[in-house]
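Visitor: Letter by letter, the chains look like this.
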Amino acid sequence: MKIRLRETGLRMSEAGNTICRWALCLTILAVSVIGISISRSAHAAEAGKLVEKEGQYVFVENMDPATRLLLDRAVKQGIITQEEYNNVIQESERRAYLSQPSFKAWYDRGFNLSMNDNAFLLKIRGFVQMRFTQRYRNDAWRNPGEAKNFPELLGVFGDYRANRSENDASQFNLRRVRLMFMGHLFTPDLKYFIQLGGETAENAQNPGSVQVLDAAISSTHVPWLNIQAGQYKVYFNRSQINNSTSMQFAERALVMDAFTASGLNRRDIGLTIMNDEEVYPVNYYFGVFNGLGPGFNRFGSYGSEQPTQDCPGGQAGGSPANCPTPQRNLNANLRTDVSQLMYVARLNWNILGRPGYAEGDMAYSETPQLALGGAYAYNPAINTATDNAFIGTDLANLNVRRQLATFGNARQLGWGILDYSTYAFDGVFKYRGFSLQGEWYWKNINRHQKGAPFLGPVAGANGGSAPALLGNATGWYVQSGYYLIPRTLQFAARYAWWDPDTNAAGDLIKQVDAAFTYYVNGTYDHQITLQYSNTFIGTGGYALGRSTPLPTSPVALNPSGTVPLDAVQKNLVENAIRVQYSIFF
Amino acid sequence: MAKGGWRRQLTVCILTMLSVVGIVLTGCARLPYTTKVVYEGSQVMVALQKEVKPAGYSHPAQLTAEEVTAILRGFSLREEQQLPLRWFAEEVPPKQLFREDDLAHLTFFLVDGLKAAGPDERVHFALYAPGMNPADSRSVTAGWMAIREPYLYLGIEYVHTEIPIRKIDNYYQNNPQMPPLPRTYLLFFEPGRFWVMDQAGTRGLEYRQFLKNVSAIGTPGTSTQ
Numbered sequence: 334m335k336i337r338l339r340e341t342g343l344r345m346s347e348a349g350n351t352i353c354r355w356a357l358c359l360t361i362l363a364v365s366v367i368g369i370s371i372s373r374s375a376h377a378a379e380a381g382k383l384v385e386k387e388g389q390y391v392f393v394e395n396m397d398p399a400t401r402l403l404l405d406r407a408v409k410q411g412i413i414t415q416e417e418y419n420n421v422i423q424e425s426e427r428r429a430y431l432s433q434p435s436f437k438a439w440y441d442r443g444f445n446l447s448m449n450d451n452a453f454l455l456k457i458r459g460f461v462q463m464r465f466t467q468r469y470r471n472d473a474w475r476n477p478g479e480a481k482n483f484p485e486l487l488g489v490f491g492d493y494r495a496n497r498s499e500n501d502a503s504q505f506n507l508r509r510v511r512l513m514f515m516g517h518l519f520t521p522d523l524k525y526f527i528q529l530g531g532e533t534a535e536n537a538q539n540p541g542s543v544q545v546l547d548a549a550i551s552s553t554h555v556p557w558l559n560i561q562a563g564q565y566k567v568y569f570n571r572s573q574i575n576n577s578t579s580m581q582f583a584e585r586a587l588v589m590d591a592f593t594a595s596g597l598n599r600r601d602i603g604l605t606i607m608n609d610e611e612v613y614p615v616n617y618y619f620g621v622f623n624g625l626g627p628g629f630n631r632f633g634s635y636g637s638e639q640p641t642q643d644c645p646g647g648q649a650g651g652s653p654a655n656c657p658t659p660q661r662n663l664n665a666n667l668r669t670d671v672s673q674l675m676y677v678a679r680l681n682w683n684i685l686g687r688p689g690y691a692e693g694d695m696a697y698s699e700t701p702q703l704a705l706g707g708a709y710a711y712n713p714a715i716n717t718a719t720d721n722a723f724i725g726t727d728l729a730n731l732n733v734r735r736q737l738a739t740f741g742n743a744r745q746l747g748w749g750i751l752d753y754s755t756y757a758f759d760g761v762f763k764y765r766g767f768s769l770q771g772e773w774y775w776k777n778i779n780r781h782q783k784g785a786p787f788l789g790p791v792a793g794a795n796g797g798s799a800p801a802l803l804g805n806a807t808g809w810y811v812q813s814g815y816y817l818i819p820r821t822l823q824f825a826a827r828y829a830w831w832d833p834d835t836n837a838a839g840d841l842i843k844q845v846d847a848a849f850t851y852y853v854n855g856t857y858d859h860q861i862t863l864q865y866s867n868t869f870i871g872t873g874g875y876a877l878g879r880s881t882p883l884p885t886s887p888v889a890l891n892p893s894g895t896v897p898l899d900a901v902q903k904n905l906v907e908n909a910i911r912v913q914y915s916i917f918f
Numbered sequence: 040m041a042k043g044g045w046r047r048q049l050t051v052c053i054l055t056m057l058s059v060v061g062i063v064l065t066g067c068a069r070l071p072y073t074t075k076v077v078y079e080g081s082q083v084m085v086a087l088q089k090e091v092k093p094a095g096y097s098h099p100a101q102l103t104a105e106e107v108t109a110i111l112r113g114f115s116l117r118e119e120q121q122l123p124l125r126w127f128a129e130e131v132p133p134k135q136l137f138r139e140d141d142l143a144h145l146t147f148f149l150v151d152g153l154k155a156a157g158p159d160e161r162v163h164f165a166l167y168a169p170g171m172n173p174a175d176s177r178s179v180t181a182g183w184m185a186i187r188e189p190y191l192y193l194g195i196e197y198v199h200t201e202i203p204i205r206k207i208d209n210y211y212q213n214n215p216q217m218p219p220l221p222r223t224y225l226l227f228f229e230p231g232r233f234w235v236m237d238q239a240g241t242r243g244l245e246y247r248q249f250l251k252n253v254s255a256i257g258t259p260g261t262s263t264q
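Top line first, the protein sequences correspond to chains A and B.
Start counting the first sequence at 334; every next residue gets the next number (this note's numbering).
Start counting the second sequence at 40; every next residue gets the next number (this note's numbering).
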């Protein structure tokens, strides 16, 4: 009976999934059909048009003025009839219309190419951000280094290494290089956006290669039901919804990256419905995504089956006793959790005006602008590499693991399958050049494998298991700016705080930033930023499944110079000055 | 995290808030701001803007639409080049500021604005036309007008400049769209003898003298093209 019920439940669940997917397909299809049908509008004959000449727009009639004068005189003097006059005017305008080019090209915030009826538009934009970094790190960065939040995962298996460096660094960096293709198809309400990025983050080990950052289609036919599908930034937390072209600082705070919707990346592949932010005071965003970051999906998520149940085994022998030996269990032979999706909901209330998501009050708002927002994201079944009796961690997709490490969530690596429930609450206020914004984050981490995680086959008081469970994560930031010269010179300051493990001590991450930004032409598009940053990272807490051999408790540095990855000693401090030039054209 | 840490965080938060409020109170950034919208339509917008410093204008002012039309018809302009281009740029002849259809749309509302303005308010105006991509931008000619007897002052911010319609980019989601900064234009007036410097060294139009002579002069401004 139980089996039958389970089967029925499974069938219903499958049926529900199928209906959902069909509904999504039909929605997208319907949007496309609406777009195509609206695009078939008739051309109206024009008597003239605005023409840009030497920087000024002048209205040019299609008919030569001399001809029109002669025709006017002719009809007045009765040389031709009114009917003949009308016919020849119509024929002349038709001829002029047909002889003019069917497209126009111009520059306005990008290179624009459009059909004359505005049915198609291609806008090409570029964004280049160059940076010089002068940074000083304390001795703790050399020994033990940063191995818990931002470790480096090297090689094809992603071997863990602490992020360690010398004290001083002076480097140029091409931080962001973007090429964007955007516009509309058939009608101005069916839009596309493609963004290529070829950039290098600070501390990246590989030269920047061109990647597709965004590729999305949007329908804005219905203002209260805009639809966006493809790969793009998830509408979750304020700091990530805002673009890198309109930040008050050279870089986002570390805490902002750690609390994205998926926990892996700010971008994802999926679908969002929302209303028009400029029309409605209350904005909603409901999205469904793969939940594994850009250019990727859950088909790439895998685990290893145990050859014999309850026998984790290992290449060198069975464990526990009575299990067959030897057997291999690092097989990565089963695609797991391929039916899971991430769900994101956000509400934003524009209480006063429309502050938008751009940082700072560049617009010099004449009336107070105030907004509050809140969001929730549920990203289930992230395989962070499971515990294993042989090497401590089983294989899991390296892309997933590297994304976790890049966005500062590497503490959760080696914890098996995790469900992230992330909450974000934010507020922003702008008025006459002044801006204040802040966010508070909370991430609840649910571990599928209950109990203390296995640390490795080492002898110790804990019998190879971790002494305590990893906790949840929380953080917040507040930042404020003021335009000392409206639209030209802004000073901004920020304080960010992050507790990556609420069960651990000595692991806080604190960041202070102060920046002057000079806007060359009074817009976000052209700016020079001078920023000072102080970053403090505690080395406390556990980072599981790293060391070989794994420690059973937080350990200090080995006097011989060996640095266990779980070493807890000193705090990491970094002082940095960044000079950054950005141009968006 | 230690329990005492929350108290420290709260202190940091309060200090941060106090410091930003302090910055606002002692700040120096100011721009004229809109106090009243006289008219806003698809082609024209006229509003009153309060000056940052006391301006002592002679508002409210009584002018007829015909008088305002005659005045505005006389203006022409040329965009001022930035240094060092200014040293090398060939001087182009000034072009008439308003077309006749612009004036027909604008002057009636300017008259209303001058009547409603206070001594520290200027009358701001904007003329709209469809932009190159009508779904995204519009072509804007904008500026302001004010009277401090015996002078009429005119400032021009944009001349047929593409200005975004929305605050948020139509195509690049959540990218803010800012209008370009107002440009600097060199204004001319025909006949030039009424376009003089005031005591503060600012160009102003002796508009009452001009209006007295306007019938004798004929239609001014047409010779500047």
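The set of hints was computed from the structure by calculation and includes no laboratory data.
Nothing here was measured: the structure is a model prediction, and the numbers come from that model.
All residues carry an ideal CB built from backbone N, CA and C; glycine is no exception.
Please note that the accuracy of each hint is not assured.
What the hints assert, rightly or not - Here are a few chain A residues that face chain B, going by a calculated C-beta distance under 7 Å: (1) Y440; (2) D441; (3) F444; (4) L446; (5) N449; (6) K524; (7) S577; (8) S579; (9) A691; (10) E699; (11) L703; (12) G855; (13) T856.
Unchecked claim - Rough simulated footprint, nothing fancy, chain A against chain B, three-plus residues with beta-carbon under 8 Å: (14) 95 to 107; (15) 208 to 219; (16) 234 to 247.
Visitor: So which of those numbered hints doesn't the model satisfy?
Guide: Of the numbered hints given earlier, those the structure breaks are 1, 3, 4, 5, 7, 11, 14 and 16, listed in rising order.
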